[in-house]
Amino acid sequence: MCLFTVISLPGGASATQIHAEPEGLYSHQLGHGFFVVSMGVLVYWLRGRRLIRHQGWRYLQYSAILFVLWNVDAVLVHYLENRDDLFMEFSERTVHAFLQPYPGREWITVLFYVGKMDHLLCVPAIFFLYLALRQMIRSPHRFSPQGEDEP
Amino acid sequence: MTLPILPIFVIDLLGSALMIFFAGACVRLSYGLYVQDRENVLWVYLLMVSHALAVFAVSRGVGHIAKQLLLLGGYRDIWNGLRPYSGSLNTISFCVVGAVTLFFERIWKVYQQILRDRHALQEAHENQVSLNKRLEDLVSERTAELARSEQKFRRIFEASLDMMAVVGSDGTVLDMNPAGREMLGIDGHNAQWGAERVSFGTFFARPEEWEQLKERLQRECHVVDAEIELVALDGREISALLSAASYCDVLEKTEIFHFVVKDISQRKAMQQQLLQADKLASIGQLAAGVAHEINNPLGIILGYTQLLIREEPEGTERREDLKTIEKHTRTCKTIVEDLLSFARRSHTKKEPASVRDIIDEVLSVVRHNLELRRIEVVTHFDPQLPALVVDKDKLRQVFMNLIMNAQQAIGKDGRITIRTVFDDDRKHVRVSVSDTGTGIEPKHLPRIFDPFFTTKSTGEGTGLGLSVSYGIVKDHGGEILVESEPGKGSVFTVLLPVTAEPGDSGGRDD
Numbered sequence: 001m002c003l004f005t006v007i008s009l010p011g012g013a014s015a016t017q018i019h020a021e022p023e024g025l026y027s028h029q030l031g032h033g034f035f036v037v038s039m040g041v042l043v044y045w046l047r048g049r050r051l052i053r054h055q056g057w058r059y060l061q062y063s064a065i066l067f068v069l070w071n072v073d074a075v076l077v078h079y080l081e082n083r084d085d086l087f088m089e090f091s092e093r094t095v096h097a098f099l100q101p102y103p104g105r106e107w108i109t110v111l112f113y114v115g116k117m118d119h120l121l122c123v124p125a126i127f128f129l130y131l132a133l134r135q136m137i138r139s140p141h142r143f144s145p146q147g148e149d150e151p
Numbered sequence: 152m153t154l155p156i157l158p159i160f161v162i163d164l165l166g167s168a169l170m171i172f173f174a175g176a177c178v179r180l181s182y183g184l185y186v187q188d189r190e191n192v193l194w195v196y197l198l199m200v201s202h203a204l205a206v207f208a209v210s211r212g213v214g215h216i217a218k219q220l221l222l223l224g225g226y227r228d229i230w231n232g233l234r235p236y237s238g239s240l241n242t243i244s245f246c247v248v249g250a251v252t253l254f255f256e257r258i259w260k261v262y263q264q265i266l267r268d269r270h271a272l273q274e275a276h277e278n279q280v281s282l283n284k285r286l287e288d289l290v291s292e293r294t295a296e297l298a299r300s301e302q303k304f305r306r307i308f309e310a311s312l313d314m315m316a317v318v319g320s321d322g323t324v325l326d327m328n329p330a331g332r333e334m335l336g337i338d339g340h341n342a343q344w345g346a347e348r349v350s351f352g353t354f355f356a357r358p359e360e361w362e363q364l365k366e367r368l369q370r371e372c373h374v375v376d377a378e379i380e381l382v383a384l385d386g387r388e389i390s391a392l393l394s395a396a397s398y399c400d401v402l403e404k405t406e407i408f409h410f411v412v413k414d415i416s417q418r419k420a421m422q423q424q425l426l427q428a429d430k431l432a433s434i435g436q437l438a439a440g441v442a443h444e445i446n447n448p449l450g451i452i453l454g455y456t457q458l459l460i461r462e463e464p465e466g467t468e469r470r471e472d473l474k475t476i477e478k479h480t481r482t483c484k485t486i487v488e489d490l491l492s493f494a495r496r497s498h499t500k501k502e503p504a505s506v507r508d509i510i511d512e513v514l515s516v517v518r519h520n521l522e523l524r525r526i527e528v529v530t531h532f533d534p535q536l537p538a539l540v541v542d543k544d545k546l547r548q549v550f551m552n553l554i555m556n557a558q559q560a561i562g563k564d565g566r567i568t569i570r571t572v573f574d575d576d577r578k579h580v581r582v583s584v585s586d587t588g589t590g591i592e593p594k595h596l597p598r599i600f601d602p603f604f605t606t607k608s609t610g611e612g613t614g615l616g617l618s619v620s621y622g623i624v625k626d627h628g629g630e631i632l633v634e635s636e637p638g639k640g641s642v643f644t645v646l647l648p649v650t651a652e653p654g655d656s657g658g659r660d661d
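Quick note, the sequences are listed as chains A and B, same order. Going by the working numbering, the residue at position 42 of the first sequence is 42; the numbering climbs one at a time, nothing skipped. Going by the working numbering, the residue at position 147 of the second sequence is 298; the numbering climbs one at a time, nothing skipped.
Possibly wrong hints are sitting among the right ones.
What the hints assert, rightly or not - Ranges of calculated distance between the beta carbons of each label pair, as one might list FRET restraints:
no.: 1; chain 1: B; residue 1: V186; chain 2: A; residue 2: V95; range: 39 to 47 angstroms
no.: 2; chain 1: A; residue 1: G33; chain 2: B; residue 2: P158; range: 21 to 29 angstroms
no.: 3; chain 1: A; residue 1: G33; chain 2: B; residue 2: Q187; range: 29 to 37 angstroms
no.: 4; chain 1: B; residue 1: P158; chain 2: A; residue 2: W107; range: 15 to 23 angstroms
no.: 5; chain 1: B; residue 1: V186; chain 2: A; residue 2: L120; range: 28 to 36 angstroms
no.: 6; chain 1: B; residue 1: S281; chain 2: A; residue 2: L120; range: 53 to 61 angstroms
no.: 7; chain 1: A; residue 1: V95; chain 2: B; residue 2: V192; range: 27 to 35 angstroms
no.: 8; chain 1: A; residue 1: E106; chain 2: B; residue 2: G224; range: 30 to 38 angstroms
no.: 9; chain 1: A; residue 1: G104; chain 2: B; residue 2: V186; range: 56 to 64 angstroms
no.: 10; chain 1: B; residue 1: G224; chain 2: A; residue 2: W107; range: 31 to 39 angstroms
If you are wondering where the hints come from, they were derived from the structure by calculation, not from laboratory data. For clarity, every value in this text was computed on a predicted model and none was experimentally measured. Note that the Cβ used here is the ideal one computed from N, Cα and C, for glycine as well.
Go ahead and model the full structure; you've got the sequences and the hints to work with.
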């Protein structure tokens, strides 16, 4: 019960939603940063070990790169989302809702608008992960102890 | 400028749904990979990443869909309650994905180490298999070599005409080759030497020789060309030349003797024959010399005696005395002629003749005499017998001597067997005269061809019969052999060569 109470307290934390409390937002943003670093490191290792010569691992590399891009996009959108000086939203919570940028904030509002469609990055990212796994299961990869893999 | 929210709304809903779908598909595929090779830590890693991403995708996707629908439906309060959980879960899940991903290097190194170990194990296994194969090949090769070697030496052992024996220090025969078994008359008793405990020493004619041999072997480790006398199981005496060596069997902790024994009985017999021939030749030379010197004076004595007899009237005492002188002179002359025959110095006239006819002539003369003594004569004449170039008179004398000797050896009631055989390979005719008489003592055998040697009582024989026969047969290029067993009889064998050239042999008389 105590645990539930403790968990219920930070009411403002969310993913691409508004993170009102700075701690939740910061931790979420740091999480994205951590994700970016881990995916970057993965790409670095995949290339360093020359695993990308194999199609499956190459797809995994693409997936990691797209996840990196998605995280960068998410960090940017989270940041812009918490700014009150970019646009105004009309007809909220209806299918006719739209954004009206403040004067002089048009381009950054457009950047937010495009960035908000982050699934255009994360869906291809997970799709490449799917392709990578499918390729690996279809053509099992043989690894040599020296790191020299043979397709 | 206005920017509609609807595209964001649609992409958010569809994207969330697709994220959930592909996350599930990734979990399924990564599990499939894991099932394919459960020991591959890379697949375990991908399985973990897939699960973490699935949690993230579900959390985020469900959160987004719920958000859009709840807000659209006017349930903002509900969404406000769910939002912190969805957001926190999202944060945690992609942090987990990131954390797991960061382990990729470590997992890769572990996997590489596993691969190296596996490779090393594989190499070690292959090396071991290769070594085993090589070892097996070597063992097979060595076994084949050993088999070949064993076969080679076994062949030498088995095929040797000399006895080869392996004997324990206590004298037990451990192994003996067929020649040895045949020599000792124990052929067929070869099953288990050790079990039968045949003692090599029991075959020595003089047991002390065996003891001395053992001592010498133990002292000197080898013996070379020792002359020994062995007695076979059937009682045959064997003169043999023995070489031996001893060695210590380290495994068995015993001393083993190796013997090579050569039967030299035949060689010794031949040596005896040569000695006999030498002796007879020497005696013959001496006899011929003496006979030659005596023959002329005897001729003069006989001539003058006959002149004196012619002048003496009949019935006088003086004439009778001269007759006695003449008779004894003639006896002396006969002896001298016999000696010359023995020494092969008498004149021979050789011509083609049938041995069968000669024997028949002799038998026709003696048959009556033999019948009186109830002595049966059995003849076996080889129909293939060729004509021989011989001095018929002298050969008649030979067979006469042999038959008369046989008759005297039998006395009464017995059988004389005369057999002729033509040996086409050796180109000689074998004539054997065997009797069922008393036989000849072994000690007398070496002397029976000596001139004047006789076992008959005084007056019954001069002891020149066999000597003369010996001389005649030798003069014909032949051999005369004797085998005898006391109490059972004797066999005299005359070997005459088959030659095509008739002619005179003037002997060496002058």
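Hint check results:
1. V186/B / V95/A: 39 to 47 angstroms: holds, 45 angstroms
2. G33/A / P158/B: 21 to 29 angstroms: holds, 28 angstroms
3. G33/A / Q187/B: 29 to 37 angstroms: holds, 35 angstroms
4. P158/B / W107/A: 15 to 23 angstroms: holds, 18 angstroms
5. V186/B / L120/A: 28 to 36 angstroms: About 33 angstroms separates the Cβ atoms of V186/B and L120/A, which means 28 to 36 angstroms holds.
6. S281/B / L120/A: 53 to 61 angstroms: holds, 59 angstroms
7. V95/A / V192/B: 27 to 35 angstroms: violated, 49 angstroms
8. E106/A / G224/B: 30 to 38 angstroms: holds, 32 angstroms
9. G104/A / V186/B: 56 to 64 angstroms: Given a distance of about 58 angstroms, which is inside 56 to 64 angstroms, the answer is holds.
10. G224/B / W107/A: 31 to 39 angstroms: holds, 34 angstroms
Hint compliance for this structure: hint 7 alone is broken.
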